[in-house]
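Here the protein sequences line up with chains A and P, keeping their order.
Anchor point for the first sequence: position 99 equals 99 in this note's numbering, and the numbering is continuous, going up by one each time.
Adding 1000 to a residue's 1-based position in the second sequence gives its number in this note's numbering.
FYI, nobody ran anything at the bench for these hints, they're computed from the structure.
Heads up, the beta-carbon is just placed ideally off N, CA and C, and yes, glycines get one too.
Don't take each hint at face value.
What the hints assert, rightly or not - Covered, in the sense of this in silico footprint (three residues per stretch, anywhere, with C-beta under 8 Å from a C-beta of chain A), are these stretches of chain P:
no., segment
1, 1002-1008
2, 1011-1019
3, 1045-1054
4, 1065-1076
5, 1087-1095
6, 1128-1139
To be verified - Pulled from the structure, derived: some chain P residues nowhere near chain A, Cβ distances all over 10 Å:
no., residue
7, LEU1040
8, ASN1061
9, THR1123
10, THR1145
11, TRP1154
12, GLY1170
13, ASP1180
14, ALA1193
One-letter residues, chain by chain:
Number of protein chains: 2
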Amino acid sequence: MGGPEIERLIALLSRLPGYGPRSARRAALTLLRQPQSRLLPLASAMEQAARTVRTCSLCGNLDSRDPCAICTDPGRDQALICVVEGVGDLWALERASVHRGLYHVLGGTLSALGGTGPDDLSTQPLLSRIEAGGVREVILALGATVEGATTTHWLAERLAGFGVTVSRVGQGVPMGGALDVLDDGTLAAALMARRV
Amino acid sequence: MGGPEIERLIALLSRLPGYGPRSARRAALTLLRQPQSRLLPLASAMEQAARTVRTCSLCGNLDSRDPCAICTDPGRDQALICVVEGVGDLWALERASVHRGLYHVLGGTLSALGGTGPDDLSTQPLLSRIEAGGVREVILALGATVEGATTTHWLAERLAGFGVTVSRVGQGVPMGGALDVLDDGTLAAALMARRV
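This is chain A alone, in the form it adopts within the complex (with noise of 0.2 Å):
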């Protein structure tokens, strides 16, 4: 079926998240269709970022300096940060342009059944900028599972003590949601969470 090169290009298409076998063939005709204006750019657009993106290792960031163009920000709140669980959640945060502070990417969330320990996130790296002085906020901004509850918990206790002011996102209703299709975890969340 077109020889081996097209077939190591639909193997390697086809463990894209949200791609199966069939989409991965679909994908390898429409990048084959049009080698020089789609294939050739894609190939050498990852090349380029495999070869260049690094992480950051203040904060964790994906970056292709290092420390990441946000630590380095000299307009940035650097009293301020805001701890994540990964680069995407610190990218939808900065495409909102809601944080004006500095990020730490944690690398995960405990997770028993997942097999995440105290020692497989990146604490000690986030208690030693602490530790360094300077940091007056530390937001704790993991999601509303019960794993980001549980390490928002473990992370709080880890914390205090550090004479660091340690807060947590807020939880309710989201922007533009009807509450008869919120799920009852929301909604009690959202009444705790009410203000006057």
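Based on these hints, arrange chain P on the given structure of chain A.
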């Protein structure tokens, strides 16, 4: 958000079939997390495919050699040509191992809405192959759509007078298909195609 390399990777990934900005970001993160085992192999497979894969000058198939492996296979019936719309259809027939002859990729179907006329299809190469002699039968294996049926009808007329048998793929109830979920057109075709 991670520098121009990541932005470019996401932008190009989001143009993959079935992908949008959100899934492209997810794929970029997955790939960037394993640059050596995921990102670079995919980049190299793409680069290699772009460099080696060509359109077969005889049948229009995609292969790393020209003429393609199917056209040069001495074990296949050289007198039987199956006409398909695209390389994806050829792949589907090859996966099913149901055709032991050669192929001809038409490169599309006649479509007034899509602006595809007779000159946009690879008809002349097919006629040349038939004129060169040795062809016994041409199977028209186009989709059972309005465009497919139009093209089948038009192509059958063009092939009349060349002294070859022109056949069409059968229409009816697909394997494993229950009658009560089929559309009226398929049911009508299945009744018309009944056998005793």
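Here is what the structure says about each hint:
no.	hint	result
1	1002-1008	holds (count 6)
2	1011-1019	holds (count 7)
3	1045-1054	holds (count 8)
4	1065-1076	holds (count 3)
5	1087-1095	holds (count 5)
6	1128-1139	violated (count 0)
7	LEU1040	5 Å, violated
8	ASN1061	7 Å, violated
9	THR1123	19 Å, holds
10	THR1145	17 Å, holds
11	TRP1154	24 Å, holds
12	GLY1170	24 Å, holds
13	ASP1180	26 Å, holds
14	ALA1193	27 Å, holds
Comparing the model with each earlier hint shows violations of hints 6, 7 and 8; every other hint is respected.
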